[in-house]
Each structure stands twice: as structure tokens, then as C-alpha cells.
Amino acid sequence: MFIRDLSVEGIGRFTTSAHVDGFGEGVNVLAAGNEVGKSTLFKAIRACLFCRHDSKTQDIRDLASDGSQLPATVHLTFVQKSRVYSIKKSFLRSPCGVLTEDGREIARGKQADEAVWDILGLRPGSGRTLDDGAFGLLWVGQGSSFTAPVPGAGASSLLRGAIESEVGALVGGERARQVLEMINAELRRYLTSSEQHPKADGPLARAMDEAERWRTVEAEHQAKLATLETHFAELSQRRRRHRELTDPAVGQEFRLQLAEARKAVAEARAAEQEVRRCEAEATAAHRSVENAAQRLTQYRALSARIDANREAEAGFSAQLPEVRAREQDARGAVTRTQEETAAVEKALQELSRREQQLAKLVAAALRAQRKDELAQQLKTAEETATSLRQTDAALAQIEIRPKTVEELDELDRQIVSLDAQLSAAAAQVAVEVNGEGAGQVRIGSMRIKGAYSAPVLGPIKIAVADLAAITVTPAANPRYERRQELEQERSELLRGVGVATVAEAHAALSKRRELEAERRALLTQLQAMQVDDPEAAIGKLKLALAESDAAIAAALADTQRVCLPSTEDIEHERVALAQERALLEARSASLQETRAQHHEALEAAIGERRAIESKLELIHKTIAEDVVHCPDSERSARLAALAQDVTASESAFGTASATLDALKLTAPDGAEVERRNMRCQRLEEALANQNEELRQVERDIGRLTGQIQTVGGEGVGEALAAAHQQLILAKRELTRVQERVATLRLLRDTVSTCLAEGREHYYAPVRRHLRPFLHDVFPGAELELADGFAITGIKRQRAEPFERLSDGTQEQIAVLVRLAMGAMLAERGEPAPIILDDALVYCDDDRIQRMFDALSRAGNNQQIVVLTCRLRSFEPLGGHMLRVRSGVESELMSTV
Amino acid sequence: MRFLHSADWQIGKVFKQFGAKEETLRLARLAAVERLGQLALTQSSKHVLVAGDVYDSETPSPVTLRAPIERMKGFTGVHWHLLPGNHDPHRPEGVWDRLAQTDLPTNIHLHLTPMPFSLEEHAVLLPAPLVRKAEADDITAWMNGASTPPGTLRIGLAHGSITNFGSEGEATNPIDPGRCKSAGLDYLALGDWHRTLQVGPSAWYAGTPEPDRAGRQEQGTVLLVDLPGSGAPASVTPLVTGTYRWLTRIERLSDAGDLSDFEQRLRNEPDLPRLILRLQLEGSLPIAAFAELQRRLLDLEAAVFHLDVDRVGLVTRPTEADLEAIDFDGVLRRCAERLRCVSDDAAGGSEVQHRAEEALVELYLRLAGAAGREAA
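Protein chains in written order, with our numbering: chain A, 1 to 896; chain B, 1 to 376.
Looking at chain A on its own, in the form it has when it is part of the complex (with noise of 0.2 Å):
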């Protein structure tokens, strides 16, 4: 099939008649910009060929102009096998059909539907829908060119046909999928899609899960008995131990063991007993020894005592009166020191007294010099406070400011400036007086002499005597105008400072400029003297004269003087009270001296007085108590009693000591004893150990029994062997699913590969036609195709998945295997025109120039229309450039 033309009126946009001309074989490039109509006339085309004339699907409703009242018609004009065709429909309004072949009629109405069909090879579906065949694959509308080609039934028809033509059909592809989708059902049944693991709740999970569970039962149960076990031989073995406990033989001879032992304990125990008696009657004994001999010692102590202390008290009374004497000397010595103190003492306090009137003398003096000081500084003071006084008094009168004067004298520059240019653009009055007329002529009040010239600046008067006046006026000049205002500005500006001239303002500015330096020197001679406030600070200097005087009286009225002393006379003073102070302070000195030496004689003095006064008086006592305990007429007599007990005792000792002796040798010693001890005791925690292990293995026997009662009530062997062989079914069962997964698994992989196998052998023909196609694009680049044509990804350096390129290579790849189809049909003497609607939107600058050869080469088989609103990125296709003229236009072309 070839397009040659296509008129279409009532269409969209097209409200009126509209061709679009230009259509030639190969590449036909239709650029125009968006809302054109473009898709309109691709959707135009399609209703023409494969819509009955009288449809009103949506479709066709949507294709007519908005409003209009005229039927939505298309002509296309087509080629198909050498003959030349031309259908004519007219949609929704007065629908009509008709065909013409070389120019002549052959069927009209539904008859031309249906030929038009006839003439393309296409078929009618199911109903009023058609097949489109292989227009339905290589016309690609707007925005359908991203998807990869999905043939319809008829356009696969046609391509299996051209396919098998070449290679033969895919036995059993069919049936082999049909195998396919069999097995995989079955199989996610048992796995995930992934089938990495197994399905949850499918078969194969359920078998994992029972073989677990009958696992962990087992398991359990295995614990269980292991257990039991574990108890059977504990309880075997208590029950040994209590048979080795209960022994009686054993038994007997334990408790005569015990018996023997504590007997011999027993005795031991006595003849200790009876050891220790003796051992106290001889320490009783021994101490009566003692305390016999301590009597006797401490009576013959008493009897030395009294004799001693009776020779000391004799020595004491002897040296009492002389330290008594000493006492009183040392007593007289103290009293007299003190009063030559007393008497040193008053002198000093007099010596004070006038050192003090001396120091009072010294500060009026100190004072009367300061006054002079003072004196100068008020009068100082004063005069300043005058001199400023007077200065702010003068600088008050003095109103000008230098900003008043820089005004001034800028107004004075604008006059000059004024005058001069008046000057300039003035008239000359020139008066040339004669001699005789000399004095008669004034300008003025100026009478004029000799020759006379002047720029007449306002208006002058000249008076010739009394014969005329002339009066000459000037022409108006806003300058003069100005200069006028200036003047009444400078002349307020004198007033308002009180001044007359600007000479006048300069020489105040200059006055005041010097008062002001006046005012700031004063002003820093009073800072000199640290005065802030003149009036203030005089105030302060005369308070300061007076307190000085006052001072100054005070101090000759205290010293009862008249006049003050010179300064000579106060050194002199001064010098003589200092040499009596330290002859007073000597003797003061050297009498504390005196006095302590005399006060520590009379401490001594009365210590010594007081111990012996002390220790005769414990003499005293000591010998009256002593003699009661002694008296002088019993001692000999209590000494020889005394003497007897000690011999006495000594004899009880010696025979208790003796007996003593005699136990020890024939009692157990210490180590016996113990070794007795021990070994009954450790019988006894024998036996006790025994009783207590006794009780022990009777509570474990009871408790293993009533665990193994427990276990083996509730069967757990039958338990254990019924999860054993559910265990073994479990796994069992397990293994058999496993291996119908991987039997599935491996018939899949085997049907799959088989399968894949006959698919690329029987794509070979669409490979041989994608080929350059593709390789215009994605040079060495292969394709990978599914079942029903179906693009699954592509291999490059690497296997991509279709659906993982970018949309724009996607659709590039799209529009690659719609060329290589419809060169494959065309090969097969079935071509069609390929029609792409706004394709390649995303293409780079590289790859649509690529895509542009792969249309430029499919162009060389077949007719390639290609729609675009990208007017310049669809120049370098070239091609056949279509044209849509109006129908005016139409009409002039045709009549040309």
C-alpha cells in the first residue's frame, strides 16, 4: 500500500475543506506545530480504512469539528498492488461511502466499507470490530510508540506467515507452554515466585513445618525418657545406699564403737576432774604462803615507818623559825620598790602632759604657715572669677557668629559677580565736560569735571545746570533684579547682627574670636588650681583662714601663751622633754627589775614555809595512825606471831604439792584426752551423718519414685516412639515433596530451555530483518524476543530487561521492530505504510540522527509517514515534506 493523497473537510480543525499534498514513496515528513491537526489527519486516515461510513462510535463523534454542520468527510487516495484507489467517506451527516479503482466507481455504502478491506487483506472481527492486520502494528498513534509492539491476531497472522515462509512453525511451542504454565502453577503452589523458599502454607511448607514440629516432639519426649533414665538409676542407686544404711550388722557394731568411746571419755573426764581438785588445794595453800609472809613484811615495814617519820619531824620543827625571818625580810624589800615605782610613774604622766602642749604649739605653728598659702591662693581665685565675669560680659554683647559672616561675605561675591556682568551688558553714559561748563553738569549729587564714563547700571540723572536733566534708564535686566534681592538679604543680614558693613562683621567676628581665647586661658588657670566652681572654691579658701586662726588661738590659749614660739624655741623644747623621758623610763625599768627579784624572794620564802609546815603536819598524822596499828608496847611480841604463820604455811604447801604430783602421773595427759574426745565426737557425727543421710536417700528414693511414677504414667515411651515414626513419616513425606518440586523444577527448566531453543530458531527471520535496524541505532546489539513477539530486553556489553531502559530507548527500540515488521512484510510483497504520530520525543541529538538512518533505510522498502511538531529536529530526515493547504489554496493548486 502507498498513500498518494488525502483531502478531509468537517475534521477537527478542519472545518472546511483541507489536502494535505506532497505524499511520494519512501520518507514523508509532515512537521508542522502543536494543535495543527496532525493526529487528527492520522485519525482521519484510520476512520477512512476501517470505519463503516454510518458508525457514530465515540470515536468518530470525537473526530468531527466542533459545531459544524457538515458531515466529517475524508478522501484518501491509496496504492495498492499497481492499482489506484480512492475512497471518499463522509461521517455522522449524510453518511456516505465510496470506492473508485483507476479512477472508476466499484462499490459504494457499506459495499465500499467492506471492499476497501478486501483490497488491504484485512478481516472483520467479532461484531462491527475489525482486525486491523499489520496497520494495527505499524500505524503508531500519539503516544503509542512507547510501548513495544503487541500484534493483534491478524497482524500476527501475517507475521507468522512471513516467519514460517522462511523457517517453518514452532512445533509445539503451544502445547509446551500450555506444559509451562502447568508446571509453574503447581510449582507456586510449593515456592514462592522467587523460589528461593518455600510457599507459606503451600505443601512444601507445610511438610518443613510438620517434620519440625514432629522433630521438636520427639525431642521432647526423648528429654522426657533420658530423664526417666536418668532417675531409674538414681533411684537404683538410693536404693543400694539406704540398703548399706539400714544394715543392722553395720549398725551394731557402730553404736559398741560409740559406747567404748564415750566410756573412755567419761574417764578421762574424771581423773581431770580430780587433777584440777588438787591442783586448787595446792594454789590455796601456796597463796596462804604468801599472805603470811606479806603480813609479816608489812609490820616490820610499819614498825620502820613510825621510826622514820618521828626523826623527820624532829629535823622540820628545827628549821621552821629561820625561814619564817627570811619570809618577812623578803616582805619589807617588795613594799619599799613599790613606792619608788609609784613615784617614777607620776613623773612620767607629768612628762606627757607637756610633751602634748608641746605637739599643739607645733601644729598652730604648721597652721600659721599655711594661712600665708591660703591667703595667696583667695586672692588668686578672686581675680580670675573677675576676669571671667567680665569676658562672658563682653562676649554676650558680641552677637555675630562666623557662619553669618561666611554667609555675608558670599553675598558680597554674587553682587560683585552681578555687578560685573551688569557692567558688561550695561550702556555707557560717557559725559565729557568743557571747560566752561565745568561744575555744571552732575550726575547725581557728583558734579562733573573733564570727561566722565560710567556703565549705566540703574537710572541716572543728569542735571546740565538748571537748562536740563536727563535722566537715563537702563534697559530692565533681571540681573539688576537679583542683585536688588541679594543686597535686601545682606542688608537684613547686617541688621539682625547689628552691624552696618561686612567690614564691620568681619571685625566683631574678630573680637569675639580673641574674648573667647581670653575666656578658654582663664579657664585653664582655674583647672591649674583644681577649681571647678570660682565662686565655690573661694568660699572653701576663706572657711580654711578661718578655722586656722581659730586653731591657732586655741593652741596659745592651751599652752597659756601669747604668741607662738619660734621654731627654734619648740626644737629646743622638744630636745629637753625627750632626755627626761628616758632618764624616767630608765628608773621605771630598772625598779620592775628590783621588784620581781624581791617578789620571787618572798615566794620562795613562804613555799619553803609552807612544806614544811605541810610535811609536819602528814608526819603528824602518819605517826598517830601508824601507832594504832603498832603501838610502841606490842611490836616485838606481833612480830614473833607473825613469823610462825609463814613456817606454818609453808609446811601445808609442801604436802598438798606432793599429792599433786602423784595424780598427774597416773591420769591421761592433755593429748590423750583429746584424742578421746575426738574420736567420740567423731563417732557421734558419724552416726549423725548416717541418720541424716539415712533421711536423706528415704526423701530422694520418694521423690525419684513419685517422678517415675509421673513420667511413666503419662507413657511417654509410647508417646516417644508414636512421634518417632510420625517423625520419620513427617520427613518422609518432606523428601517426597521435595523431589516432586525438583522433578517440576527440572521438566520446567527442560521444557524451557527446549522451548527457548525453538523460539530463536523461529525468530531468525525477524532477527535477519531487526538486525540493521537495530544496529543503526545500537551498533552489535541483539534482541531478546518472547513469545508473541514479545521484547524482553536487549544485550549490548550486558543482558538488559526491556523494562529497565530508559523511555526513550525503549520507544527508539519500539519503532526499530515495527520497521523491521513491516520490512519483513514488505519483503513479503505485503507492504504497508508505517505512520509514526510524534515518535522519538526523547531521542539525544546523536541517537535521532540514528534513528533518522533506520527510517531512511526501512524508507527504501516502503512508505514511511512520519508526524512531528519538532520542525528543526526533523529537518535532517528529509524525505518527502508534506504540506496542508486550505481548501482555497487546494483549489488554486489544482486549477494551476
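Please keep in mind that the hints were generated in silico from the structure rather than gathered at the bench. Just to be clear, a hint being listed does not mean it is correct.
Pairs of lysine-lysine residues, derived as DSS-like cross-links and limited to a Cα-Cα distance of at most 27 Å, are as follows [as the list claims (entries may be wrong)]: (1) B:K16 - B:K133; (2) A:K540 - A:K371; (3) B:K133 - A:K224; (4) A:K224 - B:K16; (5) A:K379 - A:K542; (6) B:K21 - A:K731; (7) A:K379 - A:K224; (8) A:K731 - B:K16; (9) A:K110 - A:K360; (10) A:K371 - A:K542; (11) A:K110 - A:K88.
Listed next, the stretches of chain B that the computed footprint assigns to chain A, with coverage defined by at least 3 CB atoms under 8 Å from CB atoms of chain A [unchecked claim]: (12) 54 to 61; (13) 87 to 96; (14) 327 to 339.
On a predicted model such as this, the values are computed, not experimentally measured, just so you know. The C-beta atom is built at its ideal place from N, Cα and C for all residues, glycine as well.
Please arrange chain B on chain A, whose structure you already have, making use of the hints.
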């Protein structure tokens, strides 16, 4: 003196591999006990000697513990002599102590210690109970020194393996083959081997009254023993007690023509509803015949009490007809050919071969019509 010699009741044994039929087999073991009682009555035997393994486990459930007692209790004129075996050794507080604590009737005797027991005026039973699962020593040795009055029949009762007499038994408890002679026994009633077997002039294994596994004893038996007098040879008569027959058959198949005979042979076995058949198949079959075999096995499984088929030794050898049934040409035919190559290639290993074989059969069954699928 006449008595019945039985052993290895193994009451409480589980048969989980039989699924819902398990309980039937458990009950059959109890029914065998009743049958023993009836035989004792009909054969005028006052005593039934059970040579160990009365219970399958030494910790049976309370119901299992009491179930055989309830069966024996009904035969008041029969004395039941029970001996611990390796499955149910006598241990403190174990199964026998539990049993002793129940209200046992006087005609049931538990022989828990190796002590002579007077069966009748001139007959003494010498039991050798096991007190642990495995004994290194011969527990019947004590019988040598057991004194009995002259002229008294000495009957030994033990559970273990006769030394140097095969290894069928489970227990590792050795029994001297010369025990009858050395202990002067008139009869030694043995248990442990699940097979009726004479192991000496007067020593017998009774076998189990109801078999519990394939490959041993086909049908349950008990021995009727007559001892005419001290020193005289015993007369031993096996009697059938079992309900179910445990049969193992090895069948070799080579083509479809064998299938009919094969099925018929098996169907000729008596009392199919009580036949537990373990079938071990060997040889090779075409796939179509294999599918036919599957169908016949289904029929057979429905006919017998239980069918257990071991197909490990049977391989499928696809014929040209099998492959054509899959497809004459095309993808599936190539697939079948490829699987056949793998299954024929021994280099890949038996596991791979077997897997390919299974896959080929699967392919065949999926493509060869409804008959194949039904068979699968």
C-alpha cells in the same frame, strides 16, 4: 504337663505409618491375647507362658498398661505367667511395679525375680527376668543352681538371644545355647525373636502372636507344648493366633505384559483384606506400562489392608511409542529426548538419572491423556 508358650506381645506398639488404620492394628494385638486365652481353654492348657516383651515400652500409658490385663482377666481358669523383656525390663517403680500396684487377678503371675515358681505339683517354672534393657551376662545362668525335687519338670522362661544362633533378636542379652542341658531343663521357653523357631532339642522361640513388621513373621503364632515327663522330649505344635498377615514380595517387571500376571499373583494371596503387603519392585518398564502399573497398584492398594511399594529398583525406560505419545516432533519431543538422555547417562549419577526419569514420566502423564493423569 501342657501349656502355651507365647512371647513378644508388645502391647502399645504404634503404627503411625498406617494412618487411620493404626488403631486397628493396635487392637489386633489385644485380640491376639484373647485368642491365646481361648486356645488355652480349647487346648486344655492351664498355663500361658509369655517370654518377655509383654509391653512395647516400659512406660506405657495407663490404658495400655491395663488393656492386656483386662483381656486376660476374662480367662479365670488360665494362669498367665508374664516375664519382663528388653522392651519392658523390671526396674524399680517401672512398668511392672506399676502393674503390681493395680488390682491384679490371682491368675496373673508376674515373674520379676529369678526364683523357682511351682506351676503344678511336679512342674517348676524357672524365670529369668530382665532388669535392664541390655544384660552383658547370661541371666539364665542361675537356673543351673536352682534346686527342684527329683522328677520335677524344670521349665525355663527367658528373653534374649541364643548365642551364635543368628542375629534376628533385638535384645543383646545372651543366652547359652547349652542352657537346657546345663540346667537340666525340660523346656526353655524363649522370647525376643519375632519368628517361631526351635533353637535346641527343647528350646523354642514362640514368635509373636500378632506380627508388627514386614520381613519377619508372616502370621502370629503360639506354641502348644506338651511335656510328657521329666527328661522326655517335648512335643511342640505351632497354632495360629494372628489376624493380619505381613507379607513381603519382590517382583521383577520388564514390560507391560508382566503386569497382568503380577497383579494376579498378588490377588491370589488369601484373605486380602487382612494382608499387609510390602512390595519391592525391580526391573524396568516403558512409561506407558509404568502408568498402567500405577493404576494396578491403586487397585491393589484398595484390595489389601495396606500396601507399601518400594519402587527404587524399578526404572522407566521410555520407548519410541512413549515419546510419540508425548509428541511426534517439536519442543516437547525435544524435551522428552533430552530427559531420556539424562536418565540414560550413568555419568550424571543415580540421583540425576532418577530425577530425569521422574520428570519424563511427569511429562508423559501430563500429555498422554486422562488415563495417565488418573494413574498419577
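Verification of the hints:
Of the supplied pair hints, the one linking K16 (chain B) and K133 (chain B) holds, its CA atoms being roughly 24 Å apart against a limit of 27 Å. At most 27 Å may separate the alpha-carbon atoms for a hinted pair to count; K540 (chain A) and K371 (chain A) meet this at roughly 13 Å. Distance check on the hinted pair: K133 (chain B) and K224 (chain A) sit about 17 Å apart at the alpha-carbon level, within 27 Å; holds. Among the hinted pairs, K224 (chain A) with K16 (chain B) is consistent with the structure: their alpha-carbon atoms are about 21 Å apart, no more than 27 Å.
Under the criterion of a C-alpha separation no larger than 27 Å, the hint pairing K379 (chain A) with K542 (chain A) is consistent with the structure, at around 10 Å. As the CA atoms of K21 (chain B) and K731 (chain A) are separated by approximately 20 Å, the hinted pair is consistent with the 27 Å bound. For the hint linking K379 (chain A) to K224 (chain A), the alpha-carbon distance of about 128 Å lies beyond 27 Å, and the restraint is violated. Between K731 (chain A) and K16 (chain B) the alpha-carbon distance is near 13 Å, which keeps this suggested pair within the 27 Å criterion.
The suggested pairing of K110 (chain A) with K360 (chain A) is violated, with an alpha-carbon distance near 155 Å, which exceeds 27 Å. The hinted pair formed by K371 (chain A) and K542 (chain A) meets the criterion: a straight-line CA distance of about 10 Å does not exceed 27 Å. Under the criterion of a C-alpha separation no larger than 27 Å, the hint pairing K110 (chain A) with K88 (chain A) is consistent with the structure, at around 12 Å. Coverage of the segment 54 to 61 of chain B by chain A holds in this model, with 6 residues showing a Cβ closer than 8 Å to a Cβ of that chain against a need of three.
A stretch counts as covered by a chain when three or more of its residues have a beta carbon under 8 Å from one of that chain; for the segment 87 to 96 of chain B and chain A the count is 5, and the coverage holds. Given a C-beta distance limit of less than 8 Å, the hint that chain A covers the segment 327 to 339 of chain B holds, as 10 residues qualify and 3 suffice.
Hints 7, 9 from the list above are not met by this structure, while the remaining hints are.
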